[in-house]
Amino acid sequence: MEFFSPSEFAKDKILAVQEYAMLAWHSLANLLRQPRYLADMLQQADVIGVGSLPIVILTGFFTGAVLALQSANSLTRFGALSFTGQLVSLSMVRELGPVLTGLMVAGRNASGMASELGSMQVTEQIDAMRALGTDPGKKLVTPRVVSTIVMLFFLTVISDLVGLTGGSMVAVLLLRLDSNEYWNYAWRSLSMGDVIQGLAKPVFFGFIIASIGCYYGLSARGGTQGVGRATTQAVVAASVLILVVDFFLTRLLMVIVPVAR
Amino acid sequence: MANGEQNEAVSRKLKQTIVFEKVSIGFEGGPVLEEVSFSLEPGETKILLGVSGSGKTLILKLALGLIKPDSGQIYVLDREITRMKEDDLFALRRMIGMVFQEGALFDSLTVEENVAYRLYEERVAEEEIRRRVVEALRFVELEHTLDLYPSELSGGMRRRVAIARAIISEPHVLFYDSPTAGLDPVTSTTIVELLVKQRDVYKTSALLVTHRLQDAYLMATHQFNRQTNRMEAIREGGQVDVHTRFLMLRDCRIIFHGTAAELANSPDPYMREYLS
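Quick note, the sequences are listed as chains B and S, same order. The numbering of the first sequence is this note's numbering, which starts it at 67 and goes up by one. The numbering of the second sequence is this note's numbering, which starts it at 30 and goes up by one.
None of these hints come from the bench; they were simulated from the model. It is possible that part of the hints are untrue.
Claimed, not checked - Now the in silico label distances, taken between C-beta atoms and shown as ranges:
1) B:75 with S:45: 42 to 48 angstroms
2) S:163 with B:100: 28 to 34 angstroms
3) B:298 with S:304: 45 to 51 angstroms
4) S:97 with B:306: 32 to 38 angstroms
Ideal Cβ placement from N, Cα and C applies to all residues, glycine included.
Make the full structure from the sequences, and use the hints.
And the structure:
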């Protein structure tokens, strides 16, 4: 029977963090080095961006709708039902839009990247690519990282808008609020700080999703079982990291870009 | 497509195609290679024999720079690669062709895209790519499979496409990792015939890993006849040298280096058991 060695475990974890840091760094540094795979970036942008659009729209819409429904319950007690637009708008733009979109895209694309690259790894396609003189980092990782960052930014904008629309439909159809009033509050409550906060986050989340997905895919070992394991780990790690980074990022952005009220 | 004259010209300039000098490497399970030294001369084919786990495939990966040794030097096309930067290695690998054990074809690309992969990377003109892909696929007699995906091919066909992909960029040296493993005898012979053709017609140096002794002997005892376009046995007593040598690995070291005849007549008990 093999005994558990804490030092070996610690060494493995440190090595994994080092390998991830190297991959993450090179994924961005490769942008400054030839060749750049523009066609691959566009293809990935299509897969990640257009492919994720339905789930992002659905999630955004119903999040905005339920937010309006829940907040109306509390606001009515204080006679402040007209502030529904403001609450939905601030929650969606600053927090729920970026985080939920990030989690949705992580679930869909971090797993996709891990399974695709993992399958390539266990069938020696990654080695074949290196043997053919192509850097898998440049060809596979950088296009995915760049495309995820760019597309997550736009998906978050769409999610915010759709969320506000969902909130407005609940406000108008169920809460009998005036549509102009809802949109007026929603728009006026937003400051530049809120928008910057909400749109800075997807840049970091996109980087986390793609780099984690690629890292677990390229680290896959042990056949199809290893690919399955890598896929699960990628989704879990990317989701947890998004939530953890969101906390620290929010704190940091609150200091850098104070919200004027 | 590789041509004999070009490879012969390269061969004249090169002192050695591959040189391993006291190369050692080990993993968590212990050492795999210990102070392994050998060289591959220009135009020569070396067949690596040994039981599973003896480090045959590892030698190919070391020679490609995919793995770094713990100690020792490796020279490929007269360049020392053990301390070479990854970017320089990518450039060097473009002069090497590699056929992986299961072919390692890109499953999301068609046969044409797989074979043309390196040419796309080198930004070769479309018409030139098409011409060379058809030529390479004709070499392996699969020019009708251009639009098929690897999953639609048989195991033998996948290996032949992998050979076409390896030779399309006119490599100076070819590495074959068990190209006949898991194939039926007829398909294996077809693959060996392609390797013999590449060796005799295009004079490409090669390292071949195989478990199948019969395929190794077939390579060492046959030559390619350009007139009949077929492989044929070298007549007994014939003065033809097909530049094919054997290396046998055992217990992390090379225990034999020589010709097919020397291998067959080896008095070493382990070798005799392996050959029987």
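*Checked against the structure, which of the hints given earlier come out wrong?*
none
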